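Peer 1: Those protein sequence lines, which keep their order, are chains D and H.
When the letters of the first sequence are read in order and numbered with my numbering, they come out as residues 1378 to 1932.
When the letters of the second sequence are read in order and numbered with my numbering, they come out as residues 3 to 337.
These are calculated hints, taken from the structure and not from any lab test.
Stretch-level coverage of chain H by chain D, calculated; a stretch enters the list once three of its residues show a Cβ under 8 Å from a Cβ in chain D:
hint, stretch
1, 91–105
2, 278–286
3, 290–297
So these bits of chain H aren't anywhere near chain D, every CB distance computed over 12 Å:
hint, residue
4, R4
5, V139
6, G232
7, I325
Estimated spans, in silico, between C-beta atoms of each pair:
hint, chain 1, residue 1, chain 2, residue 2, range
8, H, V15, D, L1425, 51 to 57 Å
9, H, V15, D, R1577, 44 to 50 Å
10, H, V31, D, K1882, 45 to 51 Å
11, D, K1794, H, L161, 45 to 51 Å
12, D, A1610, H, I12, 38 to 44 Å
13, D, A1610, H, F13, 35 to 41 Å
Quick caveat: nothing in here was measured; it's all calculated off a predicted structure.
Ideal Cβ positions, reconstructed from N, Cα and C, are used throughout, including at glycine.
Take a look at the letters that make up each chain.
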Amino acid sequence: MRRRWPALLVSALFIVSACGTGEPSPAGSATPGGGTPGPTATPAVAPLDRDPDTLVVAVDAFNADFDPASAYLLSEALIWRGIYESLIRLKGDSASEVEPLLADTWEANADKSSWTFHLHPGVTFSDGEPFDAQAVKDNYVRTIGLELGTNFILGAFITDPATQIVVVDPLTVRFDIGAPTPHFDLVMAAQYGTGIVSPRVFREHSTGDADQGHEWLLGNAVGTGPYVMETLAPGDQVVLVQNPNYWRGWDGAHFKKVIIRSIPEASTRRQLLESGEVDIAYAGTPEDTAAVRADPRFFVGDFKNLDLTYIILGAYGPLAKPEARQAMNYLFPYDDFLNTVQKGTLERAHGVFPDLLLTQDPDVFMYQTDIPKAQQLLDAAGVAPGTELTYEYYTGFGKEAGLIMQDQLAKVGLKLKIVEKEFSAMNADLTTDRPVEERASMYYWGWWPDYNDPSNFSWILFHSGAAPDACPCYNSGYYKNARVDEIIDAGFTETDAAKLAAMFKEAQDILVRQDPAWIPVGQQLDETYFRSDIAGQVFNPLYILTWDYYALSRE
Amino acid sequence: MRRLLARRLIFVVFVLWGVTLITFFLARVAPGDPARLIAGAHANAAAIANVRALYGLDQSLVVQYGHYMGDLLRGDLGTSFVTRRPVAADIGAFLPATAELSLFALLAGSSAGIALGVFAALRRGSRSDTAARLIAVASLSMPAFWLAMLLQLVVYSRLGWLPFGGRLDTGMAPPPQVTGFMTIDSLLAGQPETFVASVRHLVLPVFTLAMAEVGLMARIVRTSMLEVIGEDYIRTAEAKGLARRRVVVRHALRNALLPAVTVLGLEAALLAGGVFLVETIFAWPGIGRYAYDAIRASDYNAIMGVTVVGAVIYVAINLVVDIAYLYLDPRIRYS
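Chain H on its own, in the form it takes in the complex (with noise of 0.2 Å):
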């Protein structure tokens, strides 16, 4: 384990390092010009080349990308062009809204999704399982965009079963920040009307983004269950007289689990592709707004601080797959 921790790491010092070099000189070779837009419209060409002195980008990329790479060596990602902050402290700011929306949507689609595919698999050929694979594609084929104004449309807006926009009740104050997640906060600090109007704001995002979730994880686990429990070992079960529930849980589901671990990786990281749009939608105060704002501002240092926190997210998050397969199945060895 001490290894594949060691041997990660080293890649991902070489990922990361990929990824500051190409995104640095994506945006800078983007039409764009922030000193312009920091300067102010009117602003003359002297006070323009003050402010591309002052940020340094008057000097060449490469100077610029030296001078980027010692800042973040010690952990300075720079300051945004446009909220004028500390890109750190604006991430800081932004994304445990991003993160609290993505882990529950995670948790909901792949439960519901895992549930779902175990479902149809057990019941195979019957007008259960037909139904079940009907949601899969249906989930999956619902775009995320039509999905949220459907739901604006007639949870929100029509049975006003549900809240829409933002983290909580307007003018509710939120928590004091511990986490960074309003659920937890609120809990903390005994607000349990806050927890509650926060966990209503969840609901609608949340369902949004994990129903492309279920789809995808049913199909995985609903086509490897049915590999599974046509092998020997479970038969071998089953003859033993294990009871059925167990032989699912404990010999069939677990080893099912597998493809649907590396599919979870991967969709963890696709997720913040959907959070961009549907945080938009949801008036969500979190990251894919401040990167949406950041990449229309050519505010390099905004969008490279994104983009570093999300390849440092992806990264661990494929960590944590690696390793799971080790739990779930001990004869993988990573030599």
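This is chain D alone, in the form it adopts within the complex (with noise of 0.2 Å):
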């Protein structure tokens, strides 16, 4: 779960917005609805007193982790993505196509079980230490031993690194998975758990075999990438500047210094922008992105990436039938939700998966909401009325949804009880193993898959064996359905694409039709703000709400 913290203050945002504060154009802005957004023709411009080589950056919060084999949050990532780089990246706006980074060309065995990747030549660290083949291997070999969370990612395929990561030669590294894997150039274009840091931190800064270097990247960072980092105040600001010995050079335009603020307040980040004291800032309540998008001045993100958003039904007590569940997603008011409380931010979501997902079955049955149905299927289940259900999110993200159900369901008879929660409150109670009567019938969360793989995405949201009473992961509806985790495990391997489809495709039609796992709510959109004078702005579906520095620059 990546979801980056909700700014605090919900209430007080939504007096700003009403105070209203910018003048906005009765003319939209214009941003493409995907690619490479832009400015229109208007040449409006915010006022820039500050320096113009320089980037600023508003976010609702960063956090210091700089170790590829942890950082596994995007608050965390938001700063890296300029320092680090891994073999091979998504292309542009794709989330199924790659591109050289390091790795100039790679290629694949007959079976697709053992993949080979050309380096570049002439790459270093920021630290002089020369980049090649065994530092991959070195740095692959430490995110998945040390098991501080990314390693799953890799991990999932390859088990034993020392003896599976193969050094060809200094400009080749192999991959020998053992089994078929189709889409493993995806995986290795993952932006979590990929990047490759400079082998001699793990030489020089390591305690012993279980840090390897890894409190030291807690506050440092050493990658191939174009910005190294200048200075790091943990709740202020971050500094980059440019690593003069980049191995793509610096021709062309690009910023000198990348400056990253911690903005908690949304409308504090709207008036910074505003004021032309920062080029990019995360975007704020949906009253602010609507007028931010009417001004001239500047952009709004509306691309839509893989970042689903939606209520996990609990499989057991008054939801334990397929009925029941099915009877919460008839009573869930989509369209009014999203309109009128998300006011367009998210999009209606077309099943369990997100649009965009290899896989994705864009035909899937979608519910429309239908009290009377709702309340045939309770009584089919025999949900009694008066029966309470608990409803459970974290502050500053689902709150409107709950109470919205707790309207819905007293159509039907039914109370809910609805929870706020800390963040990390919630994240503990979604996978610690609890009695049924300690788990909440609902819960409000979101998700988006590392890389575009149905099996990446589905088996740690609806396998048996990610549910909490099995590991520690997201299946925290406790949801199990022998076929379903059938395809997820076939899926890892297999193949070819169109049975891999029409795998999935059954798979949906369980999850949402027969045997619902979820209310899906809506896919979220990047609603990102920029200046109209920053360039090279690329939006990425499954590189959420980062930004690739090096290609940025100022018109």
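Reconstruct the complex from the two isolated chains, following the hints.
Peer 2: If you want it as structure tokens, here you go:
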């Protein structure tokens, strides 16, 4: 779960929004619905009374963890995306095409069980250490072996990295997976767990086998990337400056410095953007977004990413029977919620798999709000009138959906107790095995996959082996369906694309219509705010809410 | 005085012990599992168990408390689960920003409040008195977050008079840290531009925090002054022909300040509550932000560290208030 922590003071935000701050133009600013947004014909630009070669980014919070073996939060990635590089990366705005980065070319054997990468020559880390195949192996052996969180990504395929990762020559590295892995290139392009650190860190800053430089990397970073960290002031700002020896060079337009500021209050971020003090700001409330979108001095993202928002339905207690969970799906007022509460910042989800995910079925069954139908299903499930369900959400994320569900449930004679928790408390609730009476019936939550693969996305959310009684994973509704398990397991090694699509079409139908696991609420839109003179921004549906600083410049 | 200090120090030990005891157990019985958060979203059970063992979270609460107190007595506040740095270092990095903000707010608020209170008392029943009382009520009634946002919209956004957010202008390098007070450090470093920027950045958050202080102080000082100026010794002073100014400042105000000093001590502590909110709105990198993140992440050591340091400051302020009584009213004796 890499969701960023929400800003506080939601009520205060509404007050500010109600006051209004900008002077929105009736003409909407143009941001293409995907691909590369940019300014429209309007020349309007916010004031800039500071160094134009410095990019200033305002986010709600950042965390300092620069160890690719453990850094698994968006609030960390938004810093080290400028510092670390992987062998390959997703191309432009695609979730399923890759392009070279530290590796120039790569190929797989016939059954795609072995992948070979040919590295770019002459690359060095910012500490002068040469980048070669041994550095790649050292990094991934460490990331998988330390088991600090991101090991799951490559470790799902490589269980014995010391043997399975082979240094063929200084510029060639091979991954012998041992089973067909048709999408290993997408795995290697994942944002998390694939970054490469200078191996000198592992040698010179290790306090032992369980550390291998981990503690040092919590406050320092040495990569091959375009920027190096100049200063880090936790809770305040991080300053990145150009790596003078960057292997792709500094020809063309690039920022000399990047300042990432922690501004938890959404209204403050907006004010700083409007006054010209920041170039990029995380989106605030839907009202803020509407106002900034209408201001020609800025462009606002409108790009659908793979971040799905949903309500987990507990397959136990009152919702144990599929009919009861179907009833919950019929009760949710999708259109009203998305239009009135979310104001278009979420797009209606098409089932439990996000659009753009490989094998996503566009013809999936879609529920329409139908109270009598829900009543009928609840009667069939034997849910007695007056039964009380519980809905849990974390502060700043999901309260409104809970209130709406409370109202909807009242229409069929049920009660809903709404429980607010802090993020860490809810995270523990979702992943800890507890007696049925201590579990909530519903949880408001969100997820996106590490890479574009239906099994990667599904396993941790729907597989019976990922329920809290089996592992601290996120099948928090204790969903158990033998056929879904079978499909997910087979999907990891299925090389026939048509067969894979057919399998997951079936899984989707089970998970949505026959035996629902969730109420799929919506798919997130990246609505980051940009000054109109910022060029080079390309939204990618999996590199969510982070930026390729090297590609950005000021026009 | 020495006996007073000795007695207070014994008292401090018990207060701090009580604070650690309550905070330690409350933080741990609250929902949340820091081991899962530290280990990462996809960490397996073994990795989470490793984290628990690493931070001693797998031991009984009593044993954990024993270890914590042992470390505390050696001056070690532990390591933050979130920043992974020593809590003492984190507090050292975040506290000066809060201290600078709070101190300026306290000074500005109490000075303005005392002046307003004296002004109103000396013009009792007049229109000026009514106006002063209205100002006091208005400043007390105005929620800090509302005022902060009003200033953001009007002074910063519309008028562009003052900066908003952070301690310095974007991209401006901070001076070498000596005191942690940006205003002082910039002067020590001979950086007048940085000094001006730091003062300009202080104005709005200080004004926001000081407003409630102004109202409270003005009301207390006015009431107190009205009592004092009716006393016989004031009439005597006036009858002896002392200048009005001297009577007010030397005789009336000094005695009227006793309740104000009590409130000032309490206000200094209460300011911490307001600072949490104001720091968030003004993106001020202080201890409030640090504590907020610590609470959200069940970062036990950081929560404990902030609480212990806060308690020490609170007790120290109260001690200063007690000593101030002795100076302001020589009749006071602590038995």
